[in-house]
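Novice: What follows is each chain in one-letter form.
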Amino acid sequence: MTVGSLPGRLFGVITRRIILERHERRLLLLMGALVATLFCAYTIAKVIRDALFLSEFGALALPYGYIGVALAASGFVWLESRAALRFKRVGATRFHQYASIGFSLVAAAVYPLARHWTTAVFYVWAGSQAMMLLPHFWSLALDVWDSRRARVVLPLLGGCGLLGGLLGGAFAGWATPTVTRVGLMWTLSGLLIVAFLLTRVIEGHRASRPRPIEVSSTVSPWKIIGRSPYIKILAAGLALSVIVSTLIDFQFKVYIQRLYPDPHALTQFLGKFYAGLNALALVFQFSVGGWLMYRLGLGRSTTLQPVTAILFLSGLALGAGWWIVVGMRWIQGVVFQTLGKSSAEIYFMAVGSRERRRIKPAVDTLVDRWSDAVVGLLLIVLLRVMGVGVAVVAGLTLAFVVGWIVVLVVLHRAYGRAFEQTLSSRWLEPDVAEESMRVPSARKALREGLHADDESRIVLALKLSERSGDKEIARAVRGCLRHSSPSVRAAAVEAMEAMRLRDEDGVIRGFIVESHEGLRRAAIRYLLARDPRPADLARKWLDGTDAVLRQETVDALFDGPSEARAALTLEWVDARLQSGTREDLLVAARALGTMTGNATVQRLRTLLANPDVEVRRVALGSAEHRPSRELLDVLLSLLLLPEVSYEARRALAALGNPAVPALKPLLDGKHGARAQGLAARTLARLASPRAVGALMAIVKSREASLRDIGFQSLTRVRVNTDKPVLPRSAAHKFFLRELAEYRGFLERAQLIEGEAAPEVRLLAETFRESSESALHRALGALACWYEPKPLSGAFERLKSSDAKVAAPALEYLGHVLPHKVFRHVSRIFEEGPKKKETAVAEGEPLAEAIRLAWRSDDGWLRACAVRASRHAQALDRNLFATGGGDDPLVQGELVSLSTGGKASDRLAAESAPASPRVAC
Amino acid sequence: MLTPVERALILRGADLLKDAGPRHLLGLAEAAREIDIVEGDSLYVEEDPADALYMVVEGRVRLSAGGRTMSEVGPGEAFGTWSLVDPSERGHRADCIEDGLAVALHRDEFYDMAAEELSLLQGIVRLLAKRLRALVIERPDEARIEGEGVERPEAVMEAELVAEAAKSATAAGDARKA
Numbered sequence: 000m001t002v003g004s005l006p007g008r009l010f011g012v013i014t015r016r017i018i019l020e021r022h023e024r025r026l027l028l029l030m031g032a033l034v035a036t037l038f039c040a041y042t043i044a045k046v047i048r049d050a051l052f053l054s055e056f057g058a059l060a061l062p063y064g065y066i067g068v069a070l071a072a073s074g075f076v077w078l079e080s081r082a083a084l085r086f087k088r089v090g091a092t093r094f095h096q097y098a099s100i101g102f103s104l105v106a107a108a109v110y111p112l113a114r115h116w117t118t119a120v121f122y123v124w125a126g127s128q129a130m131m132l133l134p135h136f137w138s139l140a141l142d143v144w145d146s147r148r149a150r151v152v153l154p155l156l157g158g159c160g161l162l163g164g165l166l167g168g169a170f171a172g173w174a175t176p177t178v179t180r181v182g183l184m185w186t187l188s189g190l191l192i193v194a195f196l197l198t199r200v201i202e203g204h205r206a207s208r209p210r211p212i213e214v215s216s217t218v219s220p221w222k223i224i225g226r227s228p229y230i231k232i233l234a235a236g237l238a239l240s241v242i243v244s245t246l247i248d249f250q251f252k253v254y255i256q257r258l259y260p261d262p263h264a265l266t267q268f269l270g271k272f273y274a275g276l277n278a279l280a281l282v283f284q285f286s287v288g289g290w291l292m293y294r295l296g297l298g299r300s301t302t303l304q305p306v307t308a309i310l311f312l313s314g315l316a317l318g319a320g321w322w323i324v325v326g327m328r329w330i331q332g333v334v335f336q337t338l339g340k341s342s343a344e345i346y347f348m349a350v351g352s353r354e355r356r357r358i359k360p361a362v363d364t365l366v367d368r369w370s371d372a373v374v375g376l377l378l379i380v381l382l383r384v385m386g387v388g389v390a391v392v393a394g395l396t397l398a399f400v401v402g403w404i405v406v407l408v409v410l411h412r413a414y415g416r417a418f419e420q421t422l423s424s425r426w427l428e429p430d431v432a433e434e435s436m437r438v439p440s441a442r443k444a445l446r447e448g449l450h451a452d453d454e455s456r457i458v459l460a461l462k463l464s465e466r467s468g469d470k471e472i473a474r475a476v477r478g479c480l481r482h483s484s485p486s487v488r489a490a491a492v493e494a495m496e497a498m499r500l501r502d503e504d505g506v507i508r509g510f511i512v513e514s515h516e517g518l519r520r521a522a523i524r525y526l527l528a529r530d531p532r533p534a535d536l537a538r539k540w541l542d543g544t545d546a547v548l549r550q551e552t553v554d555a556l557f558d559g560p561s562e563a564r565a566a567l568t569l570e571w572v573d574a575r576l577q578s579g580t581r582e583d584l585l586v587a588a589r590a591l592g593t594m595t596g597n598a599t600v601q602r603l604r605t606l607l608a609n610p611d612v613e614v615r616r617v618a619l620g621s622a623e624h625r626p627s628r629e630l631l632d633v634l635l636s637l638l639l640l641p642e643v644s645y646e647a648r649r650a651l652a653a654l655g656n657p658a659v660p661a662l663k664p665l666l667d668g669k670h671g672a673r674a675q676g677l678a679a680r681t682l683a684r685l686a687s688p689r690a691v692g693a694l695m696a697i698v699k700s701r702e703a704s705l706r707d708i709g710f711q712s713l714t715r716v717r718v719n720t721d722k723p724v725l726p727r728s729a730a731h732k733f734f735l736r737e738l739a740e741y742r743g744f745l746e747r748a749q750l751i752e753g754e755a756a757p758e759v760r761l762l763a764e765t766f767r768e769s770s771e772s773a774l775h776r777a778l779g780a781l782a783c784w785y786e787p788k789p790l791s792g793a794f795e796r797l798k799s800s801d802a803k804v805a806a807p808a809l810e811y812l813g814h815v816l817p818h819k820v821f822r823h824v825s826r827i828f829e830e831g832p833k834k835k836e837t838a839v840a841e842g843e844p845l846a847e848a849i850r851l852a853w854r855s856d857d858g859w860l861r862a863c864a865v866r867a868s869r870h871a872q873a874l875d876r877n878l879f880a881t882g883g884g885d886d887p888l889v890q891g892e893l894v895s896l897s898t899g900g901k902a903s904d905r906l907a908a909e910s911a912p913a914s915p916r917v918a919c
Numbered sequence: 000m001l002t003p004v005e006r007a008l009i010l011r012g013a014d015l016l017k018d019a020g021p022r023h024l025l026g027l028a029e030a031a032r033e034i035d036i037v038e039g040d041s042l043y044v045e046e047d048p049a050d051a052l053y054m055v056v057e058g059r060v061r062l063s064a065g066g067r068t069m070s071e072v073g074p075g076e077a078f079g080t081w082s083l084v085d086p087s088e089r090g091h092r093a094d095c096i097e098d099g100l101a102v103a104l105h106r107d108e109f110y111d112m113a114a115e116e117l118s119l120l121q122g123i124v125r126l127l128a129k130r131l132r133a134l135v136i137e138r139p140d141e142a143r144i145e146g147e148g149v150e151r152p153e154a155v156m157e158a159e160l161v162a163e164a165a166k167s168a169t170a171a172g173d174a175r176k177a
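So the sequence lines, in the order shown, correspond to chains A and B. Going by numbering that gives the first Met the number 0, the residue at position 49 of the first sequence is 48; the numbering climbs one at a time, nothing skipped. Going by numbering that gives the first Met the number 0, the residue at position 85 of the second sequence is 84; the numbering climbs one at a time, nothing skipped.
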């Protein structure tokens with residue numbers, strides 16, 4: 000085994016353990032490289048920042064830096080929100096990346112010419128905008144990985160980040176004599192560019208995941224914080240941790256500046272210091288950290304932070320040696336970075352999820368930015384105004400530490416009470432469960448739940464146990480294998496699979512012949528995952544006589560990647576295909592979804608043409624799982640068949656961009672309105688930029704029905720991807736166009752609504768229906784940029800003629816739309832449609848409405864106009880000779896009109912309302 | 000042959016479709032078929048599954064069950080409306096008593112169209128819910144859904160009896176004290 004193959008083997012072991020598909024392994028590698036690059040860059044930035052600032056301004060100027068960073072951070076957050084509003088397609092991530100690359104390049108270029116100011120600006124930038132790249136990475140990671148994978152992958156990525164930080168620090172520490180500080184700055188720029196390129200590659204893997212449905216609250220986050228004692232204590236605890244951390248950092252920097260007066264030596268030291276810090280954090284995070292939290296519990300492990308702070312302060316005060324001071328600072332930094340962050344997340348979990356989402360950004364703002372600024376102000380007052388020495392700062396820090404300990408004690412008690420309330424609710428969110436399992440009291444509650452009398456409580460406890468590593472819980476989970484309820488036993492098997500527990504008594508093997516389907520399936524999945532030779536086991540079941548076991552084995556292999564998939568071979572599939580029975584065809588179709596290659600595609604093609612609908616459905620499911628361009632033609636033909644249309648749509652969308660050119664021709668209407676709708680829905684599901692481009696083309700069409708389909712599909716994309724699909728200006732333009740059409744149809748409807756004749760009422764209703772469609776399209780256009788959910792509610796309200804009903808919708812639109820766009824809305828809905836300037840003569844409203852309808856592009860509207868003309872004495876029938884009679888609907892009516900009489904007599908009886916005398 | 004507009008106006012006469020939008024009616028009109036009805040013909044008998052709604056355009060149809068005439072349906076009137084939502088046996092027969100023309104809308108075609116137009120189904124569900132609500136108000140005991148609300152109405156009655164008895168005992172006690 001060569002050294003070079005070691006990382007590869009390690010990577011292979013890790014990815015096999017967490018069972019990733021092949022394309023996911025590549026993605027993991029890319030994301031690991033990205034996060035390592037970001038942390039490497041950020042560490043180098045910190046080294047440069049601190050070294051330059053200490054050399055140029057001295058440690059005593061740091062308080063000004065803290066205030067500058069706080070102000071700059073707030074400014075960048077505001078700028079980000081403005082940029083996101085204005086350039087939503089670019090996105091906040093892209094904005095930060097461009098800004099950071101720009102800043103770093105300018106700094107590297109300008110530093111040799113203007114050291115003083117460059118140093119100051121660099122310090123402020125590195126502490127504010129540069130930090131914001133990291134949260135965007137985690138947001139991207141959560142978009143790329145589904146929640147199940149994220150639980151396993153994100154800690155790995157965290158480790159990659161720490162490794163990157165270690166490398167960055169090491170590079171800064173050892174390469175500074177060679178590259179100098181300016182060289183480090185250019186290196187930083189290079190790393191940021193690499194990170195940008197990696198991000199572009201990874202963004203292509205972003206998936207649209209359904210977001211939790213949130214009811215937006217009108218309560219400000221500060222009000223939520225203000226009325227909750229627990230949140231106030233939590234915020235105080237977090238703020239104190241930042242204050243103490245910043246004070247310690249300040250004193251450390253004063254200390255090292257005295258030790259390293261030479262700027263290059265200082266840079267080298269800082270590089271080695273951060274490398275050491277990251278190395279220790281890496282080891283701590285993956286070994287001791289979790290064990291400490293588990294053993295000591297939340298309260299005691301959190302208290303370790305102020306304890307390490309006291310140790311550091313003592314080391315400084317007693318004039319301890321350099322190694323001791325640096326060592327204490329390392330320990331303090333590692334404990335704050337690892338235990339501190341984890342415990343903060345756990346304390347947050349006691350806040351309800353909706354409130355948590357609202358207040359977390361506000362608390363982070365308060366804690367991260369303004370706590371630093373408070374420290375800066377305090378130090379300026381002490382050192383500059385009052386002229387006290389740095390030793391007094393140590394005393395002040397100690398006072399803060401004592402206050403912090405008091406707050407932590409109060410916080411922990413309050414947490415216990417708040418957490419009890421959360422646990423006693425019937426619904427526990429997965430993210431709450433994961434973090435809360437670290438707490439001894441939560442584990443106790445779980446053990447009690449596993450021994451409860453209520454079956455549903457046991458099942459919930461078993462689901463939560465999946466994330467626990469506790470031995471007693473594992474024992475209790477095994478005990479549930481003998482429960483009388485099959486649902487409990489099934490949940491126990493699933494928990495054992497997730498916890499990787501061995502079935503020492505061989506109980507689970509007996510479950511594969513149970514009558515309960517869920518239990519059988521769970522047992523099959525467990526045995527395939529845990530058996531030392533899973534492929535042999537799978538083969539035994541696949542070749543056996545039990546058809547149900549065979550089917551369920553194939554389903555298990557389909558659902559997740561596994562070594563057992565090797566049991567499914569083409570020969571085996573061919574044998575099933577040859578037998579020709581329905582069950583065998585279904586199982587063969589499913590099995591093909593686990594394989595790749597040309598031979599698989601040919602077999603799938605055969606099954607997709609099978610007359611049995613269910614066989615085709617299953618084959619389409621496999622085609623979705625294993626998309627292949629070679630199946631495009633057959634998938635397109637299946638798209639139009641009602642019985643398999645849904646599955647065909649999913650399979651086509653899985654193909655990605657290659658499906659777009661094939662779907663575009665269906666949008667032109669030559670294959671009918673149904674094909675148009677299906678093609679548009681498929682493109683919406685695909686949601687790639689090319690697919691969106693194809694949909695954009697139809698929203699500009701002259702045909703209202705096509706624009707309807709286009710806007711509905713684009714709104715679907717908007718909802719699924721949670722990103723705007725049109726530029727804001729285009730959304731406004733389309734909105735105003737449809738709004739004008741709405742107004743026109745509404746005025747025409749109002750002209751003739753009071754008429755009694757059924758044909759005229761039909762025409763009026765058609766106008767009104769057209770106006771509603773136009774309004775729907777108008778709000779659909781807005782939904783391509785703005786939040787779709789409120790606009791859906793706005794549409795329902797604006798349909799109403801009651802001003803009170805429409806008022807909240809108008810209020811909302813007035814709030815979100817720019818004034819020059821909203822004034823058109825206001826004119827129509829608040830001022831009311833204007834009376835037409837050209838006065839309509841008495842008795843001529845119907846004639847006028849018919850003339851206006853005849854001018855439209857809508858065949859149905861024109862046909863209704865012709866029908867209604869029987870009642871318009873004032874109308875000149877020569878109007879209908881002026882063209883627009885090509886539509887078959889219109890032609891039929893024109894012919895009927897020319898024959899005259901018979902149709903009217905027949906329908907005269909229908910002028911009364913629907914007869915109540917109907918027999919069922 | 001009727002034009003689609005004519006068919007749409009005719010279909011509007013059916014109770015279940017009276018609130019359908021014009022374009023929905025157009026879709027249904029295009030799916031509906033015209034049937035010439037001849038005197039003496041049976042459109043369906045009691046045992047036939049209900050699979051289509053009929054609208055008389057011209058002529059007359061007699062509806063009867065067990066030899067007894069239930070009603071006669073003339074131009075502009077519908078019968079078999081509920082076959083759109085209920086596939087049970089007809090339970091009666093429809094015989095043509097005067098030559099003419101009818102329009103038939105089959106349930107399968109109705110559902111094919113409704114599958115593409117959710118709002119059409121929503122409108123019908125709303126209408127059915129309105130009818131059900133009216134029925135519930137008229138006959139609340141018969142309309143109660145099993146498993147909803149009070150499962151054991153007798154338990155409520157027992158509780159009321161106990162409360163009444165307690166009240167009476169208190170009143171008697173008070174009277175004795177007085």
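No lab work stands behind these hints: they were computed from the structure. Hints should not be assumed to be uniformly reliable.
[Said to hold, decoys possible] Straight-line Cα separation of at most 16 Å, EDC-like style, residue types lysine to aspartate or glutamate; simulated pairs: (1) K470/A to E516/A; (2) K803/A to E764/A; (3) K231/A to E23/A; (4) K17/B to E764/A; (5) K470/A to E513/A; (6) K17/B to E768/A.
[Unchecked claim] The following residues of chain A were derived to be distant from chain B, with all beta-carbon distances above 12 Å: (7) A672; (8) G858; (9) A864.
Where is the CB? At the ideal position from N, CA and C, for every residue including glycine.
Novice: Hint numbers the structure violates, sorted upward?
Specialist: 1, 2, 3, 5, 7, 8, 9
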